[in-house]
Amino acid sequence: MSADKKMSRRDLLKLAGAGSAGLVMSGLPVTVIAQDAVTIKVQTAGLDDNTLQPVADIQMARNPNVNVEWVVLTGIDHEEVAAKILALVAAGESIDVGYAATEACQLFAGQGLAAPLDDLITGDPDQDFWTDFFSDVHPSLVEAMMYEGSLYEPPRDFNAANMYFNTNVLADNGFDVPGPDWTKDDFLEIARGTTKKNDAGTTDIFGYGWTNRLWGSWMPWIFVAGGNLYTEERAPGGEWVWDGYYEGDMAAAGRGGGFRWQVPVANSPEVVEALQLVVDIWKEGVTPDIGMGTGQTLTGFYATGKLAMTPAGGFWAGRLANEGMEKGDFDVQLWPAWRNQKHQFGTGGHWLSNTSTAPDEAWEFMKIEVSHEGFQSSIFFNPVIITTPARRSYSQKDAYETTGPANSDVFYDTLDEHPSTSPIPAPPWSNPMTTIFTTYTGFATSGEMEPQQALDEMQAELESLTNREGRKYYQE
Amino acid sequence: MTSREMTAKGGGIWHWLMQDTMDGLRRRRALLGYLFLLPTLLGIFVFTAGPVFISFGLSLFQWNIFKPPDYIGLENFERLLEDRRVIIGLVNTVKFTVMAVCSQVSIGLILALAVHRINRIWLRYYFRTAFFLPLLMSGASVAVFMGYIFHKEFGPLNYYLTLLGIPQIPWLTSSDLVMISIAIISAWRNMGFTFLIFLGGLSNLSQEVLDAADVDGAQGLRRLWSVTIPLLSPQILFATVTGVIGALQVFDEPYIMTRGGPGNASRTLVMVMYEHAFKHIEFGYGSAIAIVVFLMILVMAIVQMWLWRNRVFYQ
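In the order they appear, the protein sequences are chains X and W.
Note that our numbering has the first sequence beginning at 131, numbered continuously upward.
Note that our numbering has the second sequence beginning at 351, numbered continuously upward.
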């Protein structure tokens, strides 16, 4: 082709073809190398301040061929995150490692989306790791992550519903933080005594505040009144963990293969009484109107001295510190006793997807996360605690040294000192169950229905739901 | 020789298309037109029409994505007739649609009439931008900050109302008020769109007709009612139809601010559909509800077009 000749279209196509071939050839060695690389997709809540990045860094430093790809999923509450994971799977996407709190653990296990971990743990050559792990984690947290005899998530964090106090509001009204054996009547005295109304009759400072959701919410009142949404039974199985790792531990005695919530008892007299209590104090103006959500709004009001008490777990310590509350401005105590002092909790961790294309690497990620190294580097627990560590050794007083609360022992004591403490009811159909629970709670707390009527209708819907769904998931 | 004859004679499609006649030229132009339409048609088929047809099919199955679907005929439709949440969602959606569309069309029209009278161009630009800005925000972010503003005890709105001696209003926590509050918020966000449509319409009104109205002595409200609004009828129809279609699909604001509460007071039909399909993993039932939403939108659009058929004046 001479210099003065214009390039024809055919020449141009030839050149483009040759160029493309060259590019493909030059890329070949890269492809060959990349064949050894393994990418695992891990669900996380955000990339800007990715709490899981340190875990990925540890894994990638140990094994440079592993690449962790983040699947960002956020939600207002746990059931919404679970719904998004399900939508992702429905759309044909896959994840190798997903996060679920108690709310969704049996949901993923029941759908066959999560893989049982029993064989991975018992067959792990590094048994010292698991002996150490289980010795550091309360058995109730492990049991809450089990379904029909198998463990689906090694617990990473948990939150028991305790009572938080704004100590300044309490002091202004002549109250001290109560002791662990305080009662419902003590609670009412403090709640009413700290509520301040203005001349117009509207409340400026509320004695107590809560939000409408499954965990926290008014569920702790249901527990201490002696009720529950469902009967609480234990599935058989789980001996491999109780005999293998918790032998001799009194707290593990009598535990089974995970909880079964099978028979709705939402309109029992105890539950009605619990709902009546929170509705009554709302009507008195002790409690602000009950909104939906995780209590983010309440955090601000609490931090600005407009709330005296609210249900929360260890996650509030870091959150309040981040809101600017100083150590000593707030404290925590066990939930008050009523007919009993049975506490509720929810725990969280990662599950391994049954459809994972790299299960070994995904499992390695999960192990690192619950290892000492993982806990020491985790942004969840450093520099401040933003959710209660499932490992007892990371939930001691020194972990809350900079932020408070002074009574931080309460978090793990809720498990250690109270054997009756159990998880919130979360069967495999927990998502529709939560919708029903929050809907009828809303009916009662907006004054549209009396507690008895709301709970009768809740019971009817739960029965219908359980008849439709229940038999699919729990073995006879 | 006709094109059919040409083809039959073995000239082929290419020859038929490239024929150097007026017919050939028309064919090439038509083909070019279809080629330009093709990407859009493909998009509509793949992302809109296709999923609609698939939803029709899915609504006849019980399917939780993890197990093969079971054919159950019309059971999902029978179930939704008895599902109280679906009925409530339908009623709430209709209530919301009436309130939101009426307010965004009327407020948009009033604002457009006011801004159209402003002679200073920069000021007109300023208002145009200001009224349109809320539409650029995502529904989710609007819902989050409006949730704070409308909070009964701690929201700034009630704070200022109490300064005026008005007691705190439970905007989002009263069953009677919650849909009104959500409609107000939705109208605030969407009125920028109707405002722009009306402003564009006002700028293009026939000067001859307006002059004739002046000569006939039509002024003020009489001119507005008898001349301006009839001339704006195509824009009003467009704003109403698109507004109704959008309002029937309301989801972001009630879901984020109230999650359908208190009770079921702000639960909309699309929210019920979302809950069943994605939270409860009942894709068949969710699809059946989606079909109801689709048919509702279709019927409403047809009814509106029919009602307005003799009232729209195209210049």
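None of these hints come from the bench; they were simulated from the model.
Take the hints with a grain of salt, since some may be wrong.
Calculated pairs, EDC-like style, for lysine to aspartate or glutamate (alpha carbon to alpha carbon, straight line, at most 16 Å) [what the hints assert, rightly or not]:
no. : chain 1 : residue 1 : chain 2 : residue 2
1   : W       : Lys417    : X       : Glu599
2   : X       : Lys602    : W       : Asp420
3   : X       : Lys413    : X       : Glu400
A quick look at each hint next to the structure:
1. W:Lys417 - X:Glu599: holds, 14 Å
2. X:Lys602 - W:Asp420: Holds, because 15 Å separates the two Cα atoms, which is no more than 16 Å.
3. X:Lys413 - X:Glu400: Status violated; Cα separation ~20 Å.
When the structure is compared with the earlier hints, a violation turns up for hint 3 alone.
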